[in-house]
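Each chain is listed here by its residues.
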Amino acid sequence: MDDISDAELIMVIGSNTTEQHPLASTRIFEALEKGAELYVIDPRQIRLTDFAHAYMPIEPGTNLPMINAMIHVIIKENLINEEFINTRTENYEEMKKSVEDCTPEWAETISKVPADQIRQFARKYATTDKAMILFTMGVTQQTTAVKSIRALANLAMITGHVGRPSVGINPLRGQNNVQGAGDMGALPDFLPGYQRPEWPETKEHYTKVWGDFSCLRGRNIIQMFNLMDEGTMKAAYIVGENPVLSDPDQTHTIHCLEKVPFLVVQDIFLTETAEFADVVLPAASFLERHGTYTNTDRRVQMINKVIEPVGNSKPDWEIIAEIMKRIGMDVDYKGPSDIMDEINVAAPLYGGITHERIKEVGIQWPCPDKEHPGTPILHVGEFKRGKGLFTVNDFEFIGDQRSEEYPFLLTTGRVTHQYHTGTMTRKVWTLALEYPHGFVEIHTKDAEELGIKNHQPVRITSARGSIVAPAMITNRINEKTLFVPFHFAESPANRLTGQNLDPIINIPALKVSAVRIEVE
Amino acid sequence: MKRVETTCGYCGCGCGIYVNVADDDTILGITPSYNHVVSKGRLCSKGWHGYAFVRDSRRLTSPLIKQEDGTFRKASWDEALDKVAEGLKNAMISEDNTDHIGLISSARCTNEENFLMAKLARAGLKTSSIDHCARL
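Protein chains in written order, with my numbering: chain A, 1 to 520; chain B, 521 to 656.
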């Protein structure tokens, strides 16, 4: 986080930082006070644009052509960092060839960002020593997610903006422990510590730690729901998630939850998802248990029990351990620190992280042993794979586009005072008061054309479904573009979103849905 | 009154907070942690206010089992956990159950809990289908 404060140029792409990572945004402001420049790329003039030196109103779903055009400019004007490319990377020529035709003029026709602005920004990025990229779901929830991130990596590598303080491409992780959940192997394609199931050493290592286990690439959330639909999936156990509101295409999600023969949901409230469960297990909240969270900096920090679990609820770890025993597993955990002891052995990234060591200050992984101080910056001197690999990322349209029937593009997101599906924050009156209900942002010109008045209920319809929400008329969004936050069960944005997926990691394109809007 | 230091449970910033608690376990409020390495004494609105849901009357306080008419009835932990174990075991229809049992873990749970979910899935239920909401 200190790295953000020391940057000289910060490029924020697809991140509403002041609203979603308020504390990260205070670091951006620290940098601005020290003279840094800020560039914002977003289809909405988010609050951060008020402080930006340049704002690029990009079309939803078109980050990739713009990034490729920046790379094109930097190569064309010879602003590359030749030494870095020669010593630390490979496959440069191949990548160079692939962006030969990606002129800023070409990108402008797709992304709607003026070519001159792309040029200017590319020059600035290449010639600033400490230039840092911050991004979130505005880059990843698109069909070009992987390609866009690889293109950002190309951009950082041709300019040598990697592996030093205050540079790099930095995803801000959304939820408190989304980093840790991945680290711990709550992913179908990794075991804890990012060990691939198909590596021979993974099988060997985990057989030693766990005995016999399933060592395949499993199904991700999207595929699991499809298997429920097909009738293959016989049971599902959902802990602390609310897919009815958070997953794309709500009608499909509900159909699948109704169909799966056995469903267990574990949560702190009877969520929209829990309504479909055969058994509901009451969990304790984060103030009612011990354990660790890993933040967006990879810093593993303690959470401590403040009060006893409410009612007859139990901490999640106790419930999961009970289920393990009852299906016949031989486990006996006295508390979360016993589990961390096992993590130390199972996941070498966390090898030296113990509750005792992080009592006062968290440690950043990788931390292989108990003497290791942790690792603040990745890729110093060398990339994890050795040389940094340049990739070819050609743009093509996949998924929803504007049409006669659906002339608007809908993008979804969050607001400051609410959190994810609102399970917690909508029950905190001070927060609920700020945003009591959902809404749809629409540009003044579009509203005038359609005869929509401010706060008037409007119907938004996609090929998947239809919702009603009050209109919020603003000049701070692109024309022919709408924005709906997904926190609100009564106007659920994800009834409109669809199953257009990134072909590599299957992330749904929640930021790009074709819709129409009309007076209700 | 006691003051317990912990980490905020909302976004990925991971700010340091002190929770002030009365002797009867009533939460009185939050104080930012001034020396915290990430937040340096700052907090956002969720950090300051976001704890009130803890005592909300709608909290789940007992295991629930769905009845034939579609409504829930309260159950003991023993009964509910046995039913969960039985339901999951019944779905273990192959040597590998990757296509038959799905586990969705949580970015709101601790590292320790996510690790147990991964272990329950792969080593217990013999399914590699475990995921969480990183994509959403």
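Derived by calculation from the structure, the hints in this document are not laboratory data.
There may be inaccurate statements among the hints.
Every beta carbon over 10 Å from chain B, so not counted as near; a handful from chain A, in silico [unchecked claim]:
1. Arg123
2. Asn454
3. Val519
Derived DSS-like pairs: lysine-lysine, alpha-carbon spacing no greater than 25 Å straight-line [said to hold, decoys possible]:
4. Lys97/A - Lys480/A
5. Lys325/A - Lys586/B
6. Lys359/A - Lys522/B
7. Lys646/B - Lys208/A
8. Lys445/A - Lys480/A
Note that the Cβ used here is the ideal one computed from N, Cα and C, for glycine as well.
Exercise. So which of the earlier hints does this model not fit?
Worked result: 4
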